[in-house]
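Peer 1: Respectively, the protein sequence lines represent chains A and B. Take the first sequence: its letters are residues 1 to 691, numbered as in my numbering. Take the second sequence: its letters are residues 692 to 1021, numbered as in my numbering.
By construction, these hints were calculated from the structure, which means they are not laboratory data. All residues carry an ideal CB built from backbone N, CA and C; glycine is no exception. Treat the hints with care, since some could be wrong.
Label-pair distances were calculated between CB atoms; the ranges are [claimed, not checked]:
| id | chain 1 | residue 1 | chain 2 | residue 2 | range |
| --- | --- | --- | --- | --- | --- |
| 1 | A | Gln47 | B | Leu808 | 20 to 30 angstroms |
| 2 | B | His759 | A | Glu276 | 51 to 61 angstroms |
| 3 | B | Arg756 | A | Glu276 | 16 to 26 angstroms |
Cross-link-like lysine to aspartate or glutamate pairs, in silico, EDC-like; alpha carbons within 20 angstroms at most [said to hold, decoys possible]:
| id | chain 1 | residue 1 | chain 2 | residue 2 |
| --- | --- | --- | --- | --- |
| 4 | A | Lys280 | B | Glu746 |
| 5 | A | Lys191 | B | Glu746 |
| 6 | A | Lys628 | A | Asp231 |
| 7 | A | Lys343 | A | Glu276 |
| 8 | A | Lys343 | B | Asp755 |
| 9 | A | Lys151 | A | Asp171 |
| 10 | A | Lys191 | B | Glu867 |
Not close to chain A: a few residues of chain B, all C-beta gaps over 12 angstroms, as computed [stated by the list, open to error]:
| id | residue |
| --- | --- |
| 11 | Val717 |
| 12 | Gln732 |
| 13 | Leu733 |
| 14 | Leu748 |
| 15 | Val804 |
| 16 | Phe853 |
| 17 | Ile860 |
| 18 | Leu885 |
| 19 | Tyr916 |
| 20 | Val938 |
| 21 | Gly971 |
| 22 | Pro972 |
| 23 | Arg976 |
| 24 | Ala980 |
| 25 | Leu1007 |
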Amino acid sequence: MSQKRRRMTRREFLRDAALATGTVALAGVIPAPAIAGQAPEPKLGAQLIGKLEGPTIITDPAKWPKKFNEAPMLAELVKAGKLPSVDKRVPEEPLVVKPVHSIGKYGGTWRRGFTGPGDSENGNRIVSADKILFWDYTGNKVMPSVAKAWKMSDDGRTTTISLRKGMKWSDGAPFTADDFVFWHEDVYLNKDLQPTPHPDFMINGKSGVLRKVDDLTVVFEFAEPNYLFVDILAGSTAMGGGQALQQHAGRTMGAYTPAHYLKQFHPKYVSKEELEKKVKDAGFDGWVALIKNRWDWRLNPELPTLTPWKTVTPINNPTWVLERNPYYWEVDTQGNQLPYIDKLVMTLAENLEVLNLRAIAGQYDLQERHTSMAKLPVFLENRDKGNYDVRLDPALNGSDATLQTNQAYEADPEIAKWLHTRDFRRALSLGIDRDQLNETFWVGVGVPGSIAPSETVPYSPGPAWRKKWSTHDPKQANALLDKIGLAKKDAEGYRLRTDGKGRLRIELTTSAGAFIPHTQIAEMIKEQWKKIGIQADAKEHERSLFFTRINNNEHQIALWANDGSEVLYLFPRHALPVDPVEALLGHPIARWYASNGAQGKAPKDPQLLKAMELFRSAGGKKTQERYKIAQEIFKILVDEQFSIGTVGQSPATMGVRIASRRLGNIPARQINAQHARTPGSSHPSTFYYKA
Amino acid sequence: MLAYLVRRLILAVLTLWAVSVLSFVVIQLPPGDYITSYIAQLSATGSFVSQQEAEALRQQYGLDRPLHIQYLRWMGMVLQGRFGMALEWGRPVSEVIGDRLWLTMVVSIAAIVFTWLLALPIGIYSAVRQYSMGDYLATFLGFIGLAVPSFMLALILMYLGFTLFNANIGGLFSDEFSGAAWSLAKVWDLMKHLPLPALILGLAGTAQLIRIMRANLLDELSKPYVVTARARGLPETRVILKYPVRVALNPFVSTIGYLLPYVVSGSIIVSLVLSLPTVGPLLLRALIAQDMFLAGTIVLLLGVMTVIGTFLSDLLLIWIDPRIRFEGKP
């Protein structure tokens, strides 16, 4: 505790103070957290969570429009002779989308807030249509995007994608298979740019190959069956994530890149002297830094992109401004070239309080990022004054605050022994009163239960597994703990260690600065565990220290959200210890898995080992089989309680949406998930200003 | 005299070198590096980076090399007048700071001017009318200003501004100007936004200044030359302002130097709360992100300012006070 902890508390205070100034006046809109133990008013969520809806993609060419229209600002440029006419800009085979409510009107500026150059995702997600494939608005079905169509061979070894005839980059140059080949040969296979191959382009440790068939056809080939690859191309992954996401902030993936533009910065295509001069003039350390800066859509307004809007004022300024891409390849069912909205202006907020206060004041037109659930009362209070609606978009993941037990913990053998004991973990889980947590920290809109994802996801093992070992049952918990040999207690009723070293104390490691107040949640769990005689200590850390401790294998139980685990195969790291970047169930285990056993340590628990083996086998299996395996993995994880779920499927992360009433085509509810690039799958290009 | 200056100058350079080493080491002390904090930030805000990408970035930024190599690389750049790339910003450090430096100076100078305009008259009044109602009132308000944390004041004023006047929240510019090029309209917009931060930053320092002014002046007021001036029949305002106030101002003049670092860094927390595009929030963010080039350069800049400030105040003291000037001379 001591200094660090006290400092955090003050920051907490700071963070909440702005809200407090507002909430004092409106205690009574909803019960304040402090008195939330009592039953609240009828579910607040029910009023604010609408029906899931979204735009649909028309895949039947017979229904496509034949004539195209364009925004007035582009029509002027055409008139002035500065731009070719719209039918020369839109591909012959565009992406045709039917907006969720109605055909929109052109014009307007979308005002939004962002928190600085680290907040790239704020824009990345809005322009995520540049992905090769994408999901429909439910997040479950793969849809075309940059690629017009795809086909996987029966043996799962080759995936063929077809591009759109006449599709162009934002500078008017044709977009072809050569842009894929350039990425593969000159970026991915260049050791300076990509030192090691990427797992998303590999199967069982063997790299895939990319091949051009003709100008509009690209083939991905693997040595072994890789049935998952279509999902990878549609997911928020290194191969399918799109140019904007995968080539920003120094990244090198994305599967395609504008060859005609980037060749001027690549040593294979320009002389050494010329390149050195360019590097020096731009003030970089070398050509790698230069080219990575030039292909970063946030930083380089000259970069050709495939996104609906492109940067005109880079992200490292007080405003990040995007403007429509005149060559954008998506149209509505009446042939209007999208996007409807001309411009996006994101203004810098140095801290989240100011951002939230500006949202409350109606200074943003649409904002779902950084808007906090704790501010809900103030958002609701001011919605008429600020002329906006508040919508909640619950996420699909099982638990926003998951207690991840370290299955590789060694520092204290006694604690390690208990963390490896199934009944101990089950007892800890049964000792948590999830309803109390839900009312206090999720204003009652979350869903209590295990780590299993929402039942709408095909990987879900079914409703029974949301409840299994995940209800509040102190009696059974106490019986379990007595049974495994922890029956002895001290004078205060806490259970004693079996090695005679006093009280059994479990440390709950938490991090500051997450979307969810994990430390306060841990403090409440600590109170709840008194009833089962378990002493917990909540220890808060600065965010990077938190990860450093986890990577050093120092934590006993760590709290973190399990977001992304709802698409288990695309983003497993919050469900299974398979990725050393984040391995809360045990860093040595993840290193063991990632290195195929060369480093780290295998899991001691046979069930965890089984779950990981199942996971490894899934990539080579077909879709339906993969679903079954995922369900099997979740059953093991829930039954074993390696990860103890609390409350999830909530709007806590990017699910509190403030939408101006002037905007049209805003879905009542949108899917809130990483793979769906929220709000990307709602096609922001179809949003428009009604007046 | 010259030897004195040279000695001070050599000391200043040594101090600066020590500051550069310390700042670089201290920034590196917390566990992890820029990449760790980048990973953590992505994960906390619903995004991620893969192990391979993280390693490639670490190599590119040279974070996998030993600390002293990284320091020498940075120093090499600093001596050439470049300060490296701000990792998170993807822009040269000098540009990132440069944008904000001028605004920081504008805000800080406005706050200082506000403080002086408020504190000096009140201080004089409190001394001349010691133990009057006005003295008590000014003292009371001054202490409240000192006791209320300025970030708290900022939050409250901001909320009131929003609820009562529907004012713009935070920042130094309206939306339409924040990205625009400089123009008269933009300067006017800045002027309109300036009073609030100046007031908040200024209030905290006011009480201190009032007390110093009051105490200094009280010392002077009872001295014989004041009595003489009065006895000669000079008007009261002239008696006060012409002689004792001038003497009482001396301590202020000699501490002007200390204001320099303040002018550059301002108040971090208040700037953060008010979302001012100044250097303070930049430093905080750079420290959290462990962006050692950016944070190191700002800390170095503060060091330079402090050293120059101290040097200046030494010079001023020599100029003002003959006792220092002729020290050691018969």
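Peer 1: For every hint, state whether the structure bears it out.
Peer 2: Verification of the supplied hints:
1. Gln47/A / Leu808/B: 20 to 30 angstroms: violated, 52 angstroms
2. His759/B / Glu276/A: 51 to 61 angstroms: violated, 28 angstroms
3. Arg756/B / Glu276/A: 16 to 26 angstroms: Since Arg756/B and Glu276/A have Cβ atoms about 22 angstroms apart, the given range 16 to 26 angstroms holds.
4. Lys280/A / Glu746/B: violated, 25 angstroms
5. Lys191/A / Glu746/B: holds, 13 angstroms
6. Lys628/A / Asp231/A: holds, 16 angstroms
7. Lys343/A / Glu276/A: violated, 36 angstroms
8. Lys343/A / Asp755/B: violated, 41 angstroms
9. Lys151/A / Asp171/A: violated, 30 angstroms
10. Lys191/A / Glu867/B: violated, 45 angstroms
11. Val717: Label holds. Min Cβ-Cβ 15 angstroms, cutoff 12 angstroms.
12. Gln732: violated, 6 angstroms
13. Leu733: Violated: least Cβ distance 8 angstroms, not greater than 12 angstroms.
14. Leu748: Answer for Leu748/B: violated, closest chain A Cβ roughly 5 angstroms.
15. Val804: At roughly 24 angstroms from the nearest Cβ of chain A, Val804/B sits farther out than 12 angstroms, so the non-interface label holds.
16. Phe853: Phe853/B not clear of chain A: closest Cβ-Cβ about 5 angstroms, inside 12 angstroms.
17. Ile860: Given that some Cβ of chain A is not farther than 12 angstroms from that of Ile860/B, nearest at about 5 angstroms, it is violated.
18. Leu885: Non-interface label on Leu885/B holds, nearest chain A Cβ at 16 angstroms vs cutoff 12 angstroms.
19. Tyr916: holds, 50 angstroms
20. Val938: Non-interface label stands for Val938/B: nearest chain A Cβ at 42 angstroms, farther than 12 angstroms.
21. Gly971: violated, 9 angstroms
22. Pro972: About 4 angstroms separates Pro972/B from the closest Cβ of chain A, which leaves it inside 12 angstroms; violated.
23. Arg976: Given a closest Cβ separation of 6 angstroms, the condition is violated.
24. Ala980: violated, 7 angstroms
25. Leu1007: Correct as stated: the minimum Cβ-Cβ distance to chain A is 35 angstroms, above 12 angstroms.
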